[in-house]
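Now for the letters of each chain:
Protein chains: 2
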Amino acid sequence: MPLIVQKYGGSSVADAGKILSVARRIGAVRQAGTDVVAVVSAMGDTTDELIELAHSVSREPHARELDLLLSTGELVSCTLLTMALRELGHEAISLSGPQAGIHTDTSFGRARISRIEAGRVRRELAAGRIVVVAGFQGITAEDDVTTLGRGGSDTTAVAIAAALEADRCEIYTDVEGIYTADPRIAPDARKLDEVGYEEMLELASLGAKMHPRSIELGGVYRVPIYVASSFSDAPGTLIHAVGNGPSDAFTTPITSDDTVPGRGGFETRPHTGDDTAENQMEDRIKVTGIAYNANVAKITVQGVPDRPGLAAALFEPLADASISVDTIVQNTGGDQSTDISFTVSRTDLPAAVRLVESVAPQMGAAGVVSAADLAAVSIVGSGMQNTPGYASRMFRLLANGGVNIDMITTSEIRISCIISEAQGRDAVRLLHEGFHLDRE
Amino acid sequence: MPLIVQKYGGSSVADAGKILSVARRIGAVRQAGTDVVAVVSAMGDTTDELIELAHSVSREPHARELDLLLSTGELVSCTLLTMALRELGHEAISLSGPQAGIHTDTSFGRARISRIEAGRVRRELAAGRIVVVAGFQGITAEDDVTTLGRGGSDTTAVAIAAALEADRCEIYTDVEGIYTADPRIAPDARKLDEVGYEEMLELASLGAKMHPRSIELGGVYRVPIYVASSFSDAPGTLIHAVGNGPSDAFTTPITSDDTVPGRGGFETRPHTGDDTAENQMEDRIKVTGIAYNANVAKITVQGVPDRPGLAAALFEPLADASISVDTIVQNTGGDQSTDISFTVSRTDLPAAVRLVESVAPQMGAAGVVSAADLAAVSIVGSGMQNTPGYASRMFRLLANGGVNIDMITTSEIRISCIISEAQGRDAVRLLHEGFHLDRE
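In order, the protein sequences belong to chains R and G. If you're matching positions, the first sequence starts at 30 in our numbering and goes up one per residue. If you're matching positions, the second sequence starts at 30 in our numbering and goes up one per residue.
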């Protein structure tokens, strides 16, 4: 029997009516002869409400306690969905992350999946049941509950799909798929039928609706991921290996810290593109989409004497605290001192500033300044690589629109500019229009 | 170091301010040099809200799913209390029922504790931490989460106190102790300084604030239980072995289905009362309090041919469904047929009626009728035993007040009347006044 893993986000299970609607959708798939594992997020704004509750009793809630608290949100939605499935006459059972065998490391708040013991999920499926798993959570070797971080339910779904060697992982959310830009910002944004893992990775990590880890994991374990709306039957977007063979998007292997048994992991394959393919590529629209992330903060360590080991001294404490650093820019001035700037998510800013201020004196830095009101706007497309002119066109479009660029960073398939958040949405529209993304 | 187990009910942790207040109370005990395990219920009306949520997606929520859902209420309160303790500078850790080693049978919704593996609690205490345990929940051998039924947090607290051989179990609630009647019904009700386990058992099972199982368990394992308000420093009521020696209240051993390792369990001791004690007893006020339970429903199986095995045929299916039957009355008429009436809690009535209607035809019964709007009012007092006159005085007081008695049941220390719920509160006041319970 085929097997699919479906993930429903918080907005898809926000109230009783929506939960029953999701149950009908799952039930129809099961009755058509497909085994289903459903992974759910917490209802609506539950997670934010729980965080608010934690802050009502503690200025800085303890990470282990916060994780056990937050894990309740998904327990509520997964038990309610299971009850709704049973109400509709289906055999179903809910499993918490620990019960579903989601084992993680001990990084509370942003735990990585270490392994999945899928025995119980398999037994329940074999017993003819629809299995509903609480997303976003797992358990450590010490029997403590962890959460995988925001968007972690996507990771749960893809990891289970990989462990069970499911035919497909379907992510249901409140948008109909992946667009050329956020449709709420650029009204003429166009839905993509398919996108490669790596392109999606750039779109996702820069503000689209999917957590990048889940896409990494999907790429590593070759799980086709279908993103669609839980509120309509409109076709969604398939994230899979596109272009020249199944591993085209991974000539540079991406890695994932989440490890899952089952499929054999990533196999490197040489890039097989020939001139014909290159020429076709030249004819394609090179920019796939405009990514946008309004949650950007920047820290600058000023006047650091330029000597080896500076970057390590600065970034090791951040890594130890599991704070992700995105863009890094270092400008060496004429006086043998340098400014190092980097971005973090806005939520990590207070902790990051504290850490940086504690190491800045040892580095001989003149000062530490930070800004919380920034955004990242990016053009993404695998067709851009080795093709000059995209960057300069991007900068020109922004300049014409009066948008000042603070920092620039590029990868093989992405060019990003850090700008003021106040101008962020205008920048998305300028670029979407300027690269003609409203047209196929 | 001495060890106490404290239990805080839902009203004691209903909001952030109350949680911080409870944290200060616990912290003060810890700083005075006593180890503390705190057991908490769900905040305020959380459990009712979760049940309502379940009913919004399912007419009859599946018991296993409902338990996993309800268990989240206590996870929220125990993590918040732990965060509050840490905010105040105390070392603390929250443990779910499963993490605290509360093992139960598989009776979802009303699970019984089978054993407590207190290893982790002991390790956390040894590490100098205040341990906050989610009440009301446990785990089966199959790794499924169970709840202990309403009031189960008291049972969690007493069971942990027994397993850890704690010096005392303190139950903090929104009342200042045990009264001679419900003060909301009888305004001149008086607080008791101490009460025996068995008297308290009758008061509790008939509507007072403590779950009878927790008192049974306290009696079996000789755990002194102190009931007081979490909102004031007024002295509460100590439930312990009173009278002639520690086991006076248990000349007839009470039993508990909840089993806990640790203390050696119940040891029978002969009643050592001599004439002096009896004479003192005669001088004491014999009625300790008026118990009241407004949650009573009655089922009558009419016209059953009178033959052996009838009661078994009727009550075995109810026992299998874990439905508690209280009062049972059988009236054999002149025509060799009999009516059997019994009471259940109102919440169990629909399921009980369904079961009874399914066995009634095999019993040859003429019909099944039920009533949901009844109440039980009782006079309780260990001094009443072997002393006639209390029953007749009770019936006279009710008759003078115009209260009709539907059923009567008696035990060594209790006389109960089933009456219309509409007259229940008047009946409590009539009896409280008539037995002069407002006076010491």
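Hint data in this document are derived by calculation from the structure and do not stem from the laboratory. Treat the hints with care, as some may be off.
Note: identical chains are not told apart, hence a pair may lie in one copy or across any two.
What the hints assert, rightly or not - No farther apart than 25 angstroms at their CA atoms in a straight line, the calculated lysine to aspartate or glutamate pairs in the DMTMM-like style are these:
1. K47 with E78
2. K47 with D455
3. K220 with D402
4. K47 with D77
5. K47 with D377
Hints and how they fare:
Taking the shortest alpha-carbon separations for K47 and E78, both the intra-copy value of 19 angstroms and the inter-copy value of 18 angstroms come in at or below 25 angstroms. Proximity of K47 to D455 under the C-alpha cut-off of 25 angstroms is found in neither arrangement, the shortest distances being 34 angstroms within a copy and 47 angstroms between copies. For a Cα distance limit of 25 angstroms, the shortest separation of K220 from D402 qualifies neither inside one copy, at 29 angstroms, nor across copies, at 60 angstroms. Taking the closest pair of Cα atoms, K47 and D77 come within 25 angstroms of each other both inside a single copy (19 angstroms) and across two copies (21 angstroms).
Taking CA atoms no more than 25 angstroms apart as the test, K47 paired with D377 passes in neither setting, with 33 angstroms inside one copy and 30 angstroms between copies.
Consistency with the previously given hints fails for numbers 2, 3, 5, ordered from lowest to highest.
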